[in-house]
Every structure is written in structure tokens, then in C-alpha cells.
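K.L.:
Next come the chains, spelled out residue by residue.
Protein chains: 2
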Amino acid sequence: MKQSSADSRMPRVVIIGGGFAGIAAAQALDGAGARIFILESNNHHCFQPLLYQVATAALASPDVAWPIRHIVRRQKDVTVLMLTVESVDVARKVVKTDKCEIGYDFLVVATGATHSYFGHNWAGLAPGLKSISDATLIRRRLLLAFERAEVSVDPVERERLLTIIIVGGGPTGVELAGAISELARRTLPPEFRRADPRNARIILLEAGPRILASFPERLSDYARDALEAKGVDVRTDMPVDQIFEDRLVAGEKEIPAGVILWAAGVRASPAANWLGVEGDRTGRIPVGEDLTVPGLPDVYVIGDLALLTGPDGAPVPALAASAKQMGKYAGRAIRLRLKGRSPRKAFRYRDYGNLATIGRNSAIVKLGRLELTGFPGWLFWSVVHIYFLVNLRSRILVAISWIATYLTGNRGSRLITR
Amino acid sequence: MKQSSADSRMPRVVIIGGGFAGIAAAQALDGAGARIFILESNNHHCFQPLLYQVATAALASPDVAWPIRHIVRRQKDVTVLMLTVESVDVARKVVKTDKCEIGYDFLVVATGATHSYFGHNWAGLAPGLKSISDATLIRRRLLLAFERAEVSVDPVERERLLTIIIVGGGPTGVELAGAISELARRTLPPEFRRADPRNARIILLEAGPRILASFPERLSDYARDALEAKGVDVRTDMPVDQIFEDRLVAGEKEIPAGVILWAAGVRASPAANWLGVEGDRTGRIPVGEDLTVPGLPDVYVIGDLALLTGPDGAPVPALAASAKQMGKYAGRAIRLRLKGRSPRKAFRYRDYGNLATIGRNSAIVKLGRLELTGFPGWLFWSVVHIYFLVNLRSRILVAISWIATYLTGNRGSRLITR
Chain P
1 MKQSSADSRM PRVVIIGGGF AGIAAAQALD GAGARIFILE SNNHHCFQPL
51 LYQVATAALA SPDVAWPIRH IVRRQKDVTV LMLTVESVDV ARKVVKTDKC
101 EIGYDFLVVA TGATHSYFGH NWAGLAPGLK SISDATLIRR RLLLAFERAE
151 VSVDPVERER LLTIIIVGGG PTGVELAGAI SELARRTLPP EFRRADPRNA
201 RIILLEAGPR ILASFPERLS DYARDALEAK GVDVRTDMPV DQIFEDRLVA
251 GEKEIPAGVI LWAAGVRASP AANWLGVEGD RTGRIPVGED LTVPGLPDVY
301 VIGDLALLTG PDGAPVPALA ASAKQMGKYA GRAIRLRLKG RSPRKAFRYR
351 DYGNLATIGR NSAIVKLGRL ELTGFPGWLF WSVVHIYFLV NLRSRILVAI
401 SWIATYLTGN RGSRLITR
Chain B
1 MKQSSADSRM PRVVIIGGGF AGIAAAQALD GAGARIFILE SNNHHCFQPL
51 LYQVATAALA SPDVAWPIRH IVRRQKDVTV LMLTVESVDV ARKVVKTDKC
101 EIGYDFLVVA TGATHSYFGH NWAGLAPGLK SISDATLIRR RLLLAFERAE
151 VSVDPVERER LLTIIIVGGG PTGVELAGAI SELARRTLPP EFRRADPRNA
201 RIILLEAGPR ILASFPERLS DYARDALEAK GVDVRTDMPV DQIFEDRLVA
251 GEKEIPAGVI LWAAGVRASP AANWLGVEGD RTGRIPVGED LTVPGLPDVY
301 VIGDLALLTG PDGAPVPALA ASAKQMGKYA GRAIRLRLKG RSPRKAFRYR
351 DYGNLATIGR NSAIVKLGRL ELTGFPGWLF WSVVHIYFLV NLRSRILVAI
401 SWIATYLTGN RGSRLITR
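If you read the sequences in order, they're chains P and B. Just so you know, UniProt numbering puts 352 at position 352 of the first sequence, and the rest follows in order with no gaps. Just so you know, UniProt numbering puts 258 at position 258 of the second sequence, and the rest follows in order with no gaps.
Honestly, the hints are just simulated from the structure, not real lab data. Zero decoy hints are in this set.
To give an idea of the interface, some chain P residues facing chain B are shown, with a C-beta separation under 7 Å as derived from the structure:
(1) Ala60
(2) Pro62
(3) Arg69
Simulated DEER-style distance windows between Cβ atoms:
(4) P:Val390 - B:Asp30: 39 to 45 Å
(5) P:Gly231 - B:Ala346: 50 to 56 Å
(6) B:Glu157 - P:Leu379: 49 to 55 Å
(7) P:Gly124 - B:Thr282: 39 to 45 Å
(8) P:Ala123 - B:Phe244: 35 to 41 Å
(9) B:Arg348 - P:Glu228: 57 to 63 Å
(10) B:Ala399 - P:Gly231: 32 to 38 Å
(11) B:Asp246 - P:Ile386: 42 to 48 Å
(12) B:Asp30 - P:Leu392: 39 to 45 Å
(13) P:Glu228 - B:Ile400: 33 to 39 Å
(14) P:Arg9 - B:Gly409: 29 to 35 Å
Here a beta-carbon is modelled for each residue, glycine too, at the ideal position from N, C-alpha and C.
Given the sequences, and given the hints that come with them, work out the whole structure.
P.N.:
This is the structure in C-alpha cells:
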């Protein structure tokens, strides 16, 4: 399609990043009279809360990821471009990419966060879980460890291969540990003849005094008990000293391991450099209550990349819910400003609750004063996650996969691929 | 599990390859009083007839591939080992792998076939479709071509990117061409703003005088018309002279192209070398009517790797159906020989028919004297392919994906991954 001259006179909003925040911003701008561009180096939006299920072979990648252009297909004012952003010229109001330059009237930066290894070079040794490629890599390593143990005739090597260490006791670490335990104890045993998967040791290491520190202590104690009941070896106050190809050192003890996974540290994407502003220790960009960058009133920073403290002094947490709320706020604010009006209200994060699952029949839910654990928590968690998938097709496919796994123990996506 | 001394005295059947033939052989040996080993370098069995749907984003990889050990999990006499075979010592009756040696009393070689580029170095330029990795690679190239066309502002480059050439007019080439046409004309148009996917040129090149040469002429004419009605440019008598990164030369004409796919030549895996026998031009191993290799009575060669001429002088075709029949025959023959009896009947291929699909509402079916085309053919094709999937879960998931694609045009697995 050729762009009409009317189009080319329209104000341009450029959104960098197709995660929860970026997509919510684009949706809030529907029909606002702007040309909207979403720039993203992946072609897909990924539903990160369920990535651990791809990594542990319960779901297929396409169950939790959809082309960004598919999600916004009905918004004719949105153009999605698969590009890698290299820098931003805030003086000229231009985004520079690997292929071209794109001018903007308003810029929304929503590039999220990635793993942080606290300065160590451990990325290749202990993959983290942020993208579909990460999930497929982790799935490959997990499944290969069991395959290699089955082939091995050396009992020491077999024991090492079947030792799986997860570093970090936040929601991702807990969800991985619980799901890997089910893989080893429920899914795989009928299929192996020589190396019994039930002998796998699954170790969850947490540097702090308790796992799931963002939850009330009662819920984090419940989660620890539930993990231990599943055979997970939970070790708190245990920071990691060293990681090697075949072992990990923590608390002056060396643990030989077949798979090491990283769920400990997060740092923001390098967008602070693009904007020429100073990020915090983890690279997050401080924003004002209107979500713009101080001194750059046409630049919004939202999602995991934004550093914002609420009126109660607590930082807005890096969650899907806060990313969506920020995206919606930024989109609406730009919509008002396009009409020549100025948004009055400051951004306020609304806490709709916090959930984490440990596995089959077991999850923790904190909704205001309501706390759920066990089967009610797990059922609530499942319904909420199905509800938030982008379309009916995905909801049906995920529901069927979960029912099949619940009933048979099988996990349907156990492919080792490169 | 430790192997008991009773186990170690049992005769050993080693099956190399977990495709249709190898799995059928293992299943036919259930409870035969042997220890059965399946050696395979992939962890999964792949349902090759539906691979083109993974390559064209209609299905997810796990919909058409399952762990081999899952398929045979109820056969306690089968041990699956993920290993790469390096050679066979037929004198000592030992299979040598990358990890260990495995002795056999009976050996079943079912390693199938791979692409042949007739001596050219085109593998990286024009991928073929034999494995899950192939399918993911093709999906990536197809989707990237549309993404790059959307980003490009050069009309000549855009036209090149949206030219997709499929080399080879057999069932795989036809199925790919039909599905890519639907991707370009039905799935993608609502989602692109600058490069209209409907402008994509899809070219099917066939060296011979007609496509689908293994079908009666009437059916292959129907398929050509059906492809042309979908906008596919079908060119017969058009052998390929050269392939480059960005173009293809055929019939002294140069065609700039964004994606080139290979569905033309097949050669057998290199197992003839292992056995020290002479293969035919494409590497297939001549076998006797009992499917053993002449001079090696304990070695069965089955599936696409076997070269066998039926009593009517026609070669047994390289199809899933013939591979399964050979596997079943070899398994039963070994079962009889384990009891000290000798199999009397020679292997006879039973032709249950031949199918190929062109796309939505369009397929060709040849069942004895029955010939179907159009919607009846397509419905028959769909039911047969759902039926042959390995379990209920896959059948339900594939059926729902197909219904969703049929109704909405969306293809649910459009991920660009590495």
C-alpha cells in the first residue's frame, strides 16, 4: 500500500517493544488519529508467565506466543516492523534501526528486561528464561540430561546428569523447580529402562532467607513445604559462588550437575543509553508520575524498563499487570495530547494480586487480604492464565493440553530441537 | 534398573532408526522374548506426512512429533537409546555408536532417506523437508521474507523477497506450494500494511512433464489446475540449472527469489557403507524378498532405505505405508526365528492407496479404482491423517488447529525462531 499524503501528515507514535506494555500502549491508541509503529526484533509477542511450561515440555511454543501483527491486525493505524533498534536521536526525534530511520512525534520505549549474571560470564552455562528461544534451549538441556543418563553406564556420571540446579527462588525458579519435579517423577518414569528419572535431584538455590520473598511469609512457607513434598531440595541463604560446565559452587560446597538454570537476576534492556539518561543499578530508567522521562516530555518509558516509586514509597513491581497498566496509561496520555489536551491524572499502579504456581494442585494466590493455597489456589491460577491468553484458539489448545497432562501425567511437547 | 542375568542371556534385536519402519518393527516384536534396542540420534519420531504444515505454520512441532520412548513406553522389552550410529561390524555382530558398542543377534536398519541435491552444494540455499528442524527452518525463511518485504522500501527488493520458489513437483512440493499460497493470500493480508502478501509469487518448478507423476494423469492435471486457481505458477519441463542465495536459474532464465525450497531429490542414508554392501545410485540397499541383505541373513533393511522390486516388476514405493508394512514383516520374521521357526512367506507390499493434498477443500486420492478430488478428497485426506496420529491428545489438538484455520484463515504457529 502506498501511504497517502494525508497519512504522511499524521502525527507518528513509535513504540519500541512488543511485550505486554508496548501492545497495551498500541491498543490504547486505537483510532487516536496517529500513525503507530511497533518496532520489535522478534516477530512475536510472548506470554512470559507460561514460558516455564514450554521449558518443561507441557506446552508448545505457539501456545504462548503469537505474531505481534496478528494481535493488532484490526488496528489499521498500526504498522508492525520487525527491526532491531540501534539508537535514538532525541534531538531530531528519530529512531535509528538496523535497516532505516523512523521519525516520531511521541516515543514509547517498552523494551523490558533480560537476565543479569551480576557481572559473571555464566549466560552459556546457566540459561535464563525470558524468550521462546530460552525456553526451547532449557527444554533441550533438561530432556538431553535424562537421555544421556539412560545411555551412560557410569553411575557417578548418571548421578551428575540427573542433578538439576535452579538458581533463584522467585516465581520463575519455583515454577521451574515444581514442573521439573513433575517431569522427573510423573512423566518420564514409565519410559526409561536404565536410569530411573525418579532418582533425579532437583535443587532450588536461593541467596536470601526465604523463597518467593514478594509474598507474605505464610505463603512462602507453604510453597517451600509444597516443593519439598514434591522432592525438591530447597536451600535458602545459599548464594552461588561459581558456575562451571558440569558443576556449581555454593556455600563452599561443589555440586556436580547435569543442568543449571538461572532465575536469579534481572537487568533492564540497554535503552537508557539510547536516551542518554542515567539508569539505576539494574539499568532501569527513572520516570515521572506521567511515565515520561524527565527532560524528554515526548518520551514514555513503560513496563519492566521503568523505575517508578508509588505514593506509598514502594516501587511499582515488574509484573505483566503493571506493564499493561503503564501501556494503557501512556497510550491514553498520548491520545489526549494529540487532541491538544493534557492528561491530568498521575499514573497509579493498581495491585490486582500476585500468583505463583508450584505444580499440580498447588499454587499460592495473594489478592488483597485473600490468600489461597493448594487446589483452590491452583484452580484460580489456571483459570486466570487461560483467560489472559490472546485468543480462543490458544485458550482451547492450552486447556486441552493441561487436562491431558493432569489426567495422564504426559507432557506433550518433549522435543529435543536445536 | 540393573539388568538381571536372565535379561543378559536374552537374544538382542537392535533397530537403528525410529521412523515408521523402525517403530513398526519394535511393535511387532512385543513380548517375543528378546531385548530390543532402538537407536536413534533424535529423541522423537516425526510424522513426516504433516511436516509441511509445520513448515507453513499451521501446526506446532509437537503436534506431529513424539518421543520414541513415549510411543513404545508399554513395551518393557524395548530400550530406547539416543545415540548416533557410526558403523556396524557385521562379522562381530556389533553396532558402533558415538558412545558405546552394542551387540546384536538380529539387526534391523531403518535409517530412511534424506535430501539429494544431485551433487550440487545447494543444501544451505534451498532447504528440504525431512525433519522438525527442517520444518522450523523453512517456516523461519518464509515468515522472514514477508517481514523483510514489509520493512523494505525498494519495490524491486520487495518483489524479490515475495518470490517463493519450490523445486520439485512431487507430493511435498505440491503440498508446500498450496499451503504457502494460502499463507500469502488468506492468512497474512489483514496483518500487513505496506507489502501486500497477495502480491507474492509462488512458483513450483518440476523437471519432468507433469507434477505428481506417481498419480494417474487425470489426478495430476486436476492438481495443476487447483494449484493454478490458488495463484501458484506451475512450470513443468523446467529442470534447475543453478541456485544462488537470492536467485535461481532454470531454462536459461534467472528468477530473483526470497525463498527457495527443495522438494526434488531424495537419497538414502549412508547405511550401505556400514554394512559393506553396494547401494544403488541413490544409496538404497537391495534386499531379498525376506527383507534381509543377501549374504547377511541376520540383517534386515526396511523402509525408504530398502530397494525391493515386487513380483509385478514395480519397485516398492518409498511411503509411510510401505515402511510400516516392512517393519511389521521384519518384526514378525524375527519373532518366528527367535522361536526356531523360519518365516515362510515373502514380503508383499499391499497398496492401500496414495493421497496428496493441495490445500483447503482440495486433495487427490487414489484408492484402487476409486479416485477422489476436491472436497471429498480433502475430507478423506484429513480424516486419514488425523487417524494416523499417535495419540488422542494429538488428534484433538490437530483437529482443533485445522478447524480454527479452516474457519478463520489464521495459521497458529507463526513463530520466527532459531
